[in-house]
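Construct all of the structure, not just a fragment, from the sequences and the given hints.
2 protein chains.
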Amino acid sequence: METLKQTILSQGKCFPGGILKVDGFINHQMDPKLMMEMAEEFSTRFATVKANKILTVEASGIAPAIMLGYLLNLPVVFAKKKRPLTMGDMLQAEVFSFTKKQSYNICISKEFLGKNDKIIFIDDFLAYGNAAKGIIGLCEQVGAEIVGMGFLIEKSFQDGGSYLRDLGYNVHSLAIIDSLENCEIKIR
Amino acid sequence: METLKQTILSQGKCFPGGILKVDGFINHQMDPKLMMEMAEEFSTRFATVKANKILTVEASGIAPAIMLGYLLNLPVVFAKKKRPLTMGDMLQAEVFSFTKKQSYNICISKEFLGKNDKIIFIDDFLAYGNAAKGIIGLCEQVGAEIVGMGFLIEKSFQDGGSYLRDLGYNVHSLAIIDSLENCEIKIR
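Chains as they are written, first to last, in my numbering: chain A, 1 to 188; chain B, 1 to 188.
Just so you know, the hints here were simulated from the structure itself, not pulled from any lab data. Built from N, CA and C at the ideal position, the CB exists for glycine as well. Among these hints, one or two may not hold up.
[As the list claims (entries may be wrong)] One side of the interface only, derived from the structure: several residues of chain B facing chain A at Cβ under 10 Å:
| hint | residue |
| --- | --- |
| 1 | Ile19 |
| 2 | Phe25 |
| 3 | Ala47 |
| 4 | Lys100 |
| 5 | Lys118 |
Written out as structure tokens, the structure is:
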């Protein structure tokens with residue numbers, strides 16, 4: 001997606017260790033107009049899948065997910081990283097965060113994910129695919145089907161994308177970063 | 001706001017201790033159409049304030065904030081509850097969570113909040129106003145001005161609303177809960 005690629009090139013910042021910082025327009029300060037354009041692109045790419053729900057993980061996935069939910073008229077559920085006191089029966093999975101170098105649990109109330117659900121999973125980044133693996137785990141626990149996965153930015157030099165595509169998932173990334181070597185952003 | 005009130009009455013759940021659970025349409029599963037309607041209502045109420053930025057706190061504030069940012073064409077910044085490894089100079093404030101019974105820090109990068117900013121603060125709940133106090137603290141540290149505060153649901157029997165209005169803040173709540181006594185939801 002051209003607008004996103006140009007914004008990454010002009011405003012993204014590279015850090016040693018393959019880290020791309022996009023906190024000026026995606027995951028700290030957000031550009032709502034760009035966010036809606038990205039959701040529109042997802043709505044085109046997922047036009048033929050039969051989904052009844054969108055799933056994401058707090059916090060950076062929420063903005064693109066709610067925009068896509070609005071366009072497709074589907075409810076959006078975000079997995080939580082801390083279990084609220086008022087949450088009843090829940091599904092839980094462990095996720096390792098590459099940027100934070102630690103594991104955390106994600107949870108979803110059993111009320112909002114079940115065997116009849118057909119899910120589009122949305123997130124900001126696809127790197128090693130750890131959040132996606134957590135979501136796959138939650139869906140497998142109840143027999144929900146994942147009919148699409150959409151990421152704003154994929155880092156192709158980390159193996160999440162190939163892992164998910166090899167498993168047969170319908171993965172769409174709006175910008176694919178092929179290299180961040182020497183802190184130079186190379187976009188496909 | 002009538003649609004929101006009706007949804008709270010039909011889908012909200014009461015818990016002892018003044019807790020209202022709205023996780024079927026606001027803060028776990030989200031209804032994007034309702035979210036956009038609420039943002040439209042905010043955009044009307046804040047039509048005359050001169051804001052250049054919307055501020056919220058992860059995670060439940062993000063959806064209404066991004067929708068409002070889209071309608072008003074303003075950038076949206078969400079305060080984080082955990083400092084990312086890549087965040088440079090930052091502003092920090094302590095917030096006590098009523099529902100979670102513990103304190104946490106919120107932080108915003110100094111890149112995204114400064115003395116020329118005129119802020120609309122958006123959040124899902126106004127109870128004791130603790131998140132709002134944290135945001136006020138962050139804004140005071142740099143001299144940013146808060147020109148409006150918008151909440152989806154206010155609990156008038158907890159004192160955040162009167163505290164903020166007494167300080168002169170321009171507070172708008174889309175549904176005001178006057179009582180949850182005996183687990184009966186009374187909306188103004």
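Evaluated hints:
At its closest, the beta carbon of Ile19 (chain B) sits 6 Å from a beta carbon of chain A; the interface hint therefore holds under the 10 Å criterion. For Phe25 (chain B), the suggested interface contact is upheld, since its CB lies about 8 Å from the closest CB of chain A, less than 10 Å. With 10 Å as the threshold, the beta carbon of Ala47 (chain B) stays out of range of chain A, its nearest partner Cβ sitting at about 17 Å, so the hint is violated. Against a cut-off of 10 Å between C-beta atoms, the interface hint on Lys100 (chain B) holds, since the closest Cβ of chain A lies about 7 Å away.
Taken as an interface hint, Lys118 (chain B) does not check out: its beta carbon lies about 15 Å from the nearest beta carbon of chain A, beyond 10 Å.
Comparing the model with each numbered hint stated earlier shows that hints 3 and 5 do not hold.
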